[in-house]
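Colleague: Listed below, chain by chain, are the residues.
Protein chains: 2
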Amino acid sequence: MPAVAPAPKTAPPAAVVAPAAAATKLTLATKALVEALARVERIIPKSSSHAGATLIAIDLAPGSVELGGTNLDLDVRARLDADVTGSGRYAMPAQVLAQVARALPGDDVTFEFGPEEVAVASGSFDTKIRLVAAENAPTLRFPTAFDGEIDGAALARALEHARYAAAVADYQAVFRAVRLELHPQRTRAIATDGFRLASHQSDADSGLDADLLIPARSVDELLKLLADGPAKLAISGAQLTVATGPYTLNLKLMEGAFPDYERVIPKAFPVEVAVDASALAQAVGRVAVMADKAGNHRVDLVVMDGRLQITSEGAFGRAEEELEVEQQGSDSRIALAYNARFLSEALAPIAGRVRLRFSGVTSPTVVDAPADPAYLAMVVPLRTG
Amino acid sequence: MPAVAPAPKTAPPAAVVAPAAAATKLTLATKALVEALARVERIIPKSSSHAGATLIAIDLAPGSVELGGTNLDLDVRARLDADVTGSGRYAMPAQVLAQVARALPGDDVTFEFGPEEVAVASGSFDTKIRLVAAENAPTLRFPTAFDGEIDGAALARALEHARYAAAVADYQAVFRAVRLELHPQRTRAIATDGFRLASHQSDADSGLDADLLIPARSVDELLKLLADGPAKLAISGAQLTVATGPYTLNLKLMEGAFPDYERVIPKAFPVEVAVDASALAQAVGRVAVMADKAGNHRVDLVVMDGRLQITSEGAFGRAEEELEVEQQGSDSRIALAYNARFLSEALAPIAGRVRLRFSGVTSPTVVDAPADPAYLAMVVPLRTG
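These protein sequences, in sequence, are chains A and B. Our numbering numbers the first residue of the first sequence as 1 and each following residue consecutively. Our numbering numbers the first residue of the second sequence as 1 and each following residue consecutively.
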């Protein structure tokens, strides 16, 4: 066993007294901070095997503060006007900062940054939060120039109408994405999980010309941030950046071949019906109470003589409703089965009358609204018997 | 192997054609049904190894229908006015009936009972639900005569003020109960988990003279049903029955010795402070953001010179607030630690000023309101150092 080294007899050199630097200070409105943190915090993981992943980075510059984080698929940054003395980059767990911010009693809050902790004062509230070395926080790179611009509400409308049809899990990656087509005078969003499809096309112009595959979960976060007013766009490599209001998002794009959906949209429809979309959606919802949730949630539709009969049968019994519809094409009876949830979700975006166009009992049914040609959905009937 | 008996050559005697019996029919307002089912359904287990436990019993009599179920600790029955043809007892899974009822489109609903299924019609909705043999449903016995009566709101007030202090799990049974003391001119509810206690006493008179131990979870269900107006009471064996509005509940009582709480309420208080209850509760809530949730959720209180300092320190930092208080008794400094949640819950029922009476750093602190002597809470400080 090595001998224990004797303690040095000389004391360490006395620290040089540094000139008192002006403290780095940040003051801003509590409400604006809480609102921005609510948006940023939900993207940053609450726990991770890599501790840095849970951090929020706080970048101070004259007149503003930037709060940034990432979930690897998505980087987010909020820039807020603030009264700042000094500058620098700091980090702490995003959840801790958000929790403290929600508890602040005052209209304003002041953060005074020391080397190891930050003092937070608001009204009578006085808290010290430990800081984490800023180099542990992920380094996020946001573009400084943008190539395109689109109305935020128009982009949101397209993505919202398509997003529901993306698959949730356990499917090929492209089925868990929303395809965004940005072309001159044409903006289109499409998603499909192979059993249904939803698409929304408008003449909104982004100034870009590109087809993108955005993970559906990143679309969900983008939808929470998009608002009226311009959204600036930049594409670089496998990343789309959207700047909307105080927020900037980098969305990692997916690679892969999206299904040739134009080819699968049927062209001929032996039977077509039109009916009030909300009356149909409500009837499907009621009848589906009896469908077996564990299985394919089956409801049966029969069209005959201007009437649409909706039935469902499960372990506990059978439900039935009938609606009058405006029928076109063949007068012959057509009977199909659907996943009730898929049918309800296809109907949900439609106000007023919906048109159901049946191409056959095993080929897709097209769901659209005569009054709004922007939206088109398809649902593949269940195989029966 | 025994030989298979030859099939009898003669056909069985033809069934005597019975005179067509009038169908058993029930018609009532959808809203009243949905409301009653929401109350009854939540008590009945959603799944059970004993299938009968998930059933709701439907008892039809001229002019009314009774819906009944149980979770073994608690039987519940709702009696609703209804238009009834015929009579009888039927059963089906409570969840199925509740789900169907919530989906009904019409103002009224008609049930037509067959031997194996019931047809449910409301507006355009037409459903058949399978029935379960009624003998599989639990047999519930409710008393027909009552011994006492109390104002429902007064009973609710007592139980609500005490219930939060009961233990949730993993404790002696008596700590998971609310003790209800019904005596002439005195109604009192008390609960304790050994670390805190809450009690509410009023001069409400029930006409009864008994001390009861009600499981806290049954108290929660009772509190959802109690309303203004008289609640009739009956005690028989180890069961309290409460009839309130359309509902009747049998609450199974617990046995066991409740702690001698009168003995543990301190009599001497070296230091006392008074302060606005909601200002204190909010400060404790804010400071506790920094407390370690996984541990004992510790906040520290220091009283000195008419000021109350509240601090908390956890893995992420330290929070501090200070309030001016009206201090009585010793001027000397007193420092105590509490579970922040226990302190917040003790304060919650108090409007206006609260009095904190400190008996010592390891003995219970009494929390009450000078303006409302009915309510008294105790919190035992955490052991520190």
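Because the hints were derived from the structure by calculation, they are not lab data. Fair warning: there could be bad hints in the mix.
Stated by the list, open to error - DSBU-like cross-link-like pairs, simulated, lysine-lysine; straight-line CA separation at most 35 Å:
no., chain 1, residue 1, chain 2, residue 2
1, A, Lys46, B, Lys293
2, B, Lys293, A, Lys31
3, B, Lys46, A, Lys293
4, A, Lys293, B, Lys128
5, A, Lys46, A, Lys128
6, A, Lys25, B, Lys293
7, B, Lys293, A, Lys224
Bear in mind the structure is a predicted one, so any value in this text is a computation, not a measurement.
Colleague: Against each hint, give a clear statement of whether it holds in the structure.
Modeller: Do the hints match the structure? See the list:
1. A:Lys46 / B:Lys293: Roughly 15 Å between the alpha carbons, so the hint for Lys46 of chain A and Lys293 of chain B holds.
2. B:Lys293 / A:Lys31: holds (25 Å)
3. B:Lys46 / A:Lys293: holds (15 Å)
4. A:Lys293 / B:Lys128: Distance ~17 Å between Lys293 of chain A and Lys128 of chain B Cα, so the pair holds.
5. A:Lys46 / A:Lys128: holds (21 Å)
6. A:Lys25 / B:Lys293: holds (29 Å)
7. B:Lys293 / A:Lys224: Judged against 35 Å, a Cα distance of about 30 Å means the pair holds.
Of the numbered hints listed earlier, not one is contradicted by the structure.
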